Every structure is written in structure tokens, then in C-alpha cells.
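Could you put the whole structure together from the sequences, leaning on the hints where they help?
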Amino acid sequence: MSLKNNIESVGDYALLLKRVLSKPDRLSEFFKEFIKEVYKLGVSSIWIVVIISFFIGAVIVMQIALNITTPLLPRFTVGAVSREIIILEFSSTIMCLILSGKVGSNIASEIGTMKITEQVDALEIMGVNSANYLILPKVAAFVAYMPVLVIFSMFTGIYGGYLICDVLGTPSVETYVYGIQFYFRSSLVWKSILKSMIFGFIIASVSAYNGYNVQGGALNVGKASTNSVVINSILILLTDLVFTQLTSTPQ
Amino acid sequence: MIEVNNINKQFEGIKVLENISATFIPGAVNMVIGKSGSGKTVFLKCLIGLLQPDSGEILYDKKNLLKMKHYELKQLRRKMGMLFQGSALFDSKTVLENVMFPLDMFSRKNNREKRKRAEFCLERVNLLDAADLLPSEISGGMMKRAAIARAIALNPKFLFCDEPNSGLDPKSSQLIDELILDITKDFEMTSIVVSHDLNSVMNIGDHIIFLNEGIKEWEGTKDGIMNSKNAKMNDFVFASDIFKKIKDAGDLISEADDSLMLGQ
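Listed in order, the protein sequences are those of chains A and B. Using numbering that gives the first Met the number 0, you'd call the opening residue of the first sequence number 0 and step up by one each time. Using numbering that gives the first Met the number 0, you'd call the opening residue of the second sequence number 0 and step up by one each time.
Simulated from the structure, these hints should not be mistaken for laboratory data. Predicted model, so just to flag it, every value in this text is computed and none were measured. Among the clues, some could well be false.
What the hints assert, rightly or not - Just some of the chain A residues that point at chain B, by a computed CB distance under 8 angstroms:
1) D24
2) E28
3) T116
4) D120
5) I124
6) G221
7) K222
What the hints assert, rightly or not - Here are the simulated lysine-lysine pairs, DSS-like style, with alpha carbons at most 30 angstroms apart:
8) B:K68 with A:K22
9) B:K215 with B:K62
10) B:K92 with B:K61
11) A:K22 with B:K156
12) A:K35 with B:K108
13) A:K31 with A:K17
14) B:K66 with B:K221
15) B:K78 with A:K31
16) A:K39 with A:K222
17) A:K31 with B:K92
18) B:K68 with A:K17
19) A:K35 with B:K92
20) A:K17 with A:K39
21) A:K22 with B:K66
22) A:K22 with B:K73
23) B:K115 with A:K31
24) A:K35 with B:K73
25) B:K108 with A:K31
26) B:K92 with B:K44
27) A:K17 with B:K73
28) B:K113 with B:K92
29) A:K35 with A:K17
C-beta: ideal position from N, C-alpha, C; glycine also.
Okay, here's the thing in C-alpha cells:
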């Protein structure tokens, strides 16, 4: 894709957002769709978040416990470091990278299919702002539900580590829990939640943009779905870098 | 009334519509016919505002669609009903929900009244039994009927149909044709139907426009089709064996009549 195409895409995305972020034609219809999307994009993602967080949490603790063997560092460091990784990066950034595959491709393919089967045109002909009707409930629902997913991820990640300490015995469960609580700042949780909401907005809106601009047939719906996952991943990582730099204060 | 003046449209330098002007008859079935790739669907999409012509004007009751403000366009669109080639029913909604959708979005009626109106529209297309089924659970013909019911839910002034018979068997095609004709007359709508099915043209067409390679070649009534002197039009119409035989039979009858007259 040429630079000109990329710049055009950014402009198109901004114009689409302008249409998306306008007042819904009927608020009652918007809330109906919003509730449906909360279930479809958010609630149905809980199981994948729980399973992945549990195992990755356990693996993080196991790796740190195995690699921090120096007597100069106390054993509770395993809990403290695991907590920082899980809360700050895993539950927001890595989880959103995974969700961009599940939710992003779902949104892009759903809207893309509606586009090629003229359902989007049908909305426009009725005088409905199709971008607003189709995309806003998805964006709002996913952003609003993101904190729930992140909190689930944090808890199950830390619990995965707890169980692995219980099984392996090193560090002990008490030491791990002490490390988890050691110098805990609640701002970490808020930062992570805020970051994940920004990622949620990126995932839903970029995927919707890719789906909304599909032309042609089923092959292009597949392409749009793949593109949205790739673009989302890159944008999430870039945003994470910028967000971390902006919000980090020297200890 | 819908009037089109000198509209042109091209895609990447290729002319798809060239200087097309036409006036569509109110309260009648206006048909736009032509071969595949002749520009019929592009013409229809320009008429309903889904595509922007490069030049020309499209007048709805003397108001130019291309110069309308956003809210005027929105108001106009509520007076339009559209039957898409692939029906374009919403997959996630039942047939009844599909028909209720425009009412939910724009009608001030309460839920009971909206449901009553949707059921009336479904009954009008003889599809009330399928009200609770999803589009994936009904046949192609039923999908078209459901799409017609949705199109008339808000009692539109203009009905647009893009290839309403595509993918249907002859019996279902005839049913859809009759439905379009009946609805046009009953609700006093102006219908514009894009088709290349000559059976439809002969069944329901009140006013016919023939497009060939983006140019309006011929305009008239269905009776004029068989006697047209336009070579391109004849090529299109008599490509069908049945219509060729009908024309030959008609010519034979005229010749016999002439001989009889001379004999007397």
C-alpha cells in the first residue's frame, strides 16, 4: 500500500468516526443494540480471557521463580514483579492483542458481510446513518465492558500464579501473597484499565472501518478481517509505547 | 414525480452513463431494461443517491437530489422503499423484526401499532406465517416478498426494485411481478424497476426505458417494444427465442390480414 493510500485511509477513518460519533437516530434502538453488543463482544469473551490469563499468570510466576535465584533478591520479589507484569502489561496490552483477534475479526467480518450483501445500503436508503447505527453500539459496548475483562484478567492471572506457588512450593504461597501486596499502588490498576479502554476503542473502530469499506465479495471480507487484526496489533503496541512513556513517573 | 436530466457517470475514465434524461410516470411501473453491464444498476443507484453522478440533475418533485441538504435527503429517503437484488434483509433479525425496523427507527406509533402495521405488510405479501423465521430459514422468493413488505412499511411514495426476479423460478418471478404491480396501484406509488427479464417487462411495465452501453436508446410502452425499429433494442428483445417467435407469428397474422383485405 502506498503512502498516499495510507494517508487517505487515515482521512477516511476520521470521516467515518465523525459519522459514527453523532447522535443516534433513535436512542431506544441504540440502547437495544448496545446491550446485544455487550453480550456478543464482552460477555462472550470472558471465557477466553479467564483461560489465557490463568495459564499465562501461572507461567509468568513459574519463569520468574525459576530465574530469580540470587540470594541478593528476596523471594517475595517473584510476587511483586509478577504483579507489575500482569497488572500493567499482560491484562491490558497482551489481552487486547488477543482480543483484537477475536473481537476485531468478528466486527470486521460482520460489517463486511453486511456491506457486500447490501444491508448497509438498505440502511442508508431508509435514511438511517448506517455508520452510527452499526458501529457506535459496538464501540461503546466494547469500551464500556473492557474494564470488566481487564479486572477478570488481573484476578485470574494472579490466581494462576498463586496456584503454581501452591503446587511448586517456591516461593511459598505466603511469600507470593506478600510480594503481591508489597508496595502496591492502586494507580497501576487505573492506568491499566484506562489503557485497555483506549485499546478497546482502537480495536472496535479500526475493525469496523475495515469492514465498512469492504468492496467485492467474500474474499475481501476475509482480507478485511485479517487486515483489521494486523493493523490493530500494530496500533495497540504503538499506543502502549506512547501511553507508557506519558504516564511513567520516576520512582 | 422523478425527472432525470443529462446525468453522466464514469468509473476510472470508463463512461457508464452518458447524458441520460428521463421522466418517470407517477403511479405507474417504470422499467429500466438492458443487457448485463448496460449501466442499469448504476443508474438506479444514482437515482436513489447511493452513487453521485458526475454531472446532471435528479429531480424529486422539482427538487434536485444532488443539491439537497442532509436533513432534506433524510426526509426524502423516508419516502423511498427499495427492493435489492439480494433482498438485503438483516440476517440477525426475524422477518417480522425486519419489517418493523423502519417503523422502529422512524415511526412515532406505539409498539402495538407498529406490530399491527408490520403484520399488515406481511399479510399483503402473503408471508404472515413466516413472521418469526430468520431470513436464512426462508426461500429466495419469500425473502423478496419480505423485502417488499419492509419496503412498504413506511408507506413510501417511491419504490425502487433492482432485478426483483433474479435467482427466482418462473412461478415465483410472476408472483413478485404481480405483487410489485398490485402494490404500485394500491398504494399509488411511483415504481422504478430495473430488470433484464422481458417476461416482467411485458407483464407489468407501464413505461419502459432501454439502456445500452450507458446510453438511453429507446423509451416507450410495452406495446411499442414488439414494433420498435431500434436495431439495438430489437437485438436485446429478440435474443429470446420465444419473443422472436411471437413477433414472427404477429407478422404472419398481419400479412394474412393484409392479404384478406386485398382479396376482399
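Against the structure, the hints:
At a threshold of 8 angstroms, the smallest CB-CB gap from D24 of chain A to chain B is about 6 angstroms, leaving the interface hint in force. The restraint placing E28 of chain A at the interface with chain B holds, with a minimum CB-CB distance near 6 angstroms, inside the 8 angstroms limit. This hint holds: T116 of chain A has a C-beta 6 angstroms from the nearest C-beta of chain B, less than the 8 angstroms allowed. Interface hint status for D120 of chain A: upheld, as the beta-carbon distance to the closest one in chain B is roughly 6 angstroms, under 8 angstroms.
Given the 8 angstroms rule on beta carbons, the hint for I124 of chain A holds: about 4 angstroms separates it from the nearest Cβ of chain B. Taken as an interface hint, G221 of chain A does not check out: its beta carbon lies about 18 angstroms from the nearest beta carbon of chain B, beyond 8 angstroms. The beta carbon of K222 of chain A is not positioned within 8 angstroms of any beta carbon in chain B (closest approach about 21 angstroms), and the interface hint is therefore violated. The straight-line distance between the Cα atoms of K68 of chain B and K22 of chain A is roughly 18 angstroms, inside the 30 angstroms bound, and the hint therefore holds.
Simply put, K215 of chain B and K62 of chain B have alpha-carbon atoms about 23 angstroms apart, close enough for the 30 angstroms limit, and the pair holds. This hinted pair does not check out: K92 of chain B and K61 of chain B have alpha carbons roughly 37 angstroms apart, beyond 30 angstroms. At most 30 angstroms may separate the alpha-carbon atoms for a hinted pair to count; K22 of chain A and K156 of chain B meet this at roughly 27 angstroms. Only pairs whose Cα atoms come within 30 angstroms are accepted, and K35 of chain A paired with K108 of chain B is accepted, the gap being roughly 24 angstroms.
Distance check on the hinted pair: K31 of chain A and K17 of chain A sit about 22 angstroms apart at the alpha-carbon level, within 30 angstroms; holds. Taking the CA atoms of K66 of chain B and K221 of chain B, the gap is near 34 angstroms; set against the 30 angstroms cutoff, the hint is violated. Proposed proximity of K78 of chain B and K31 of chain A is supported: the alpha carbons are some 25 angstroms apart, at most 30 angstroms. With a CA separation close to 22 angstroms, the supplied pair K39 of chain A and K222 of chain A stays within the 30 angstroms bound.
Taken as a hint, the K31 of chain A and K92 of chain B pair is honoured in the structure, with Cα atoms around 13 angstroms apart against an allowance of 30 angstroms. Of the supplied pair hints, the one linking K68 of chain B and K17 of chain A holds, its CA atoms being roughly 17 angstroms apart against a limit of 30 angstroms. For a cut-off of 30 angstroms, the pair hint linking K35 of chain A to K92 of chain B stands: about 12 angstroms separates their Cα positions. The suggested pairing of K17 of chain A with K39 of chain A holds, with an alpha-carbon distance near 25 angstroms, which does not exceed 30 angstroms.
About 23 angstroms separates the Cα atoms of K22 of chain A and K66 of chain B, which keeps this hinted pair within 30 angstroms; it holds. A threshold of 30 angstroms between alpha carbons decides the hint, and for K22 of chain A with K73 of chain B the separation of about 14 angstroms falls inside it, so the pair holds. A C-alpha spacing of about 21 angstroms is found between K115 of chain B and K31 of chain A, which places the hinted pair at or below 30 angstroms, so the restraint holds. Distance hint between K35 of chain A and K73 of chain B is fulfilled; the C-alpha atoms sit about 27 angstroms from each other, no more than 30 angstroms.
Our distance criterion of 30 angstroms between C-alpha atoms is met by K108 of chain B and K31 of chain A, whose separation comes to about 18 angstroms. Between the alpha carbons of K92 of chain B and K44 of chain B the distance comes to roughly 25 angstroms, so the proposed pair stays at or under 30 angstroms and holds. Restraint check for K17 of chain A and K73 of chain B: the C-alpha separation of about 17 angstroms stays at or below 30 angstroms, so the hint holds. Between the alpha carbons of K113 of chain B and K92 of chain B the distance comes to roughly 16 angstroms, so the proposed pair stays at or under 30 angstroms and holds.
The suggested pairing of K35 of chain A with K17 of chain A holds, with an alpha-carbon distance near 23 angstroms, which does not exceed 30 angstroms.
When each numbered hint is compared with the structure, violations occur for hints 6, 7, 10, 14.
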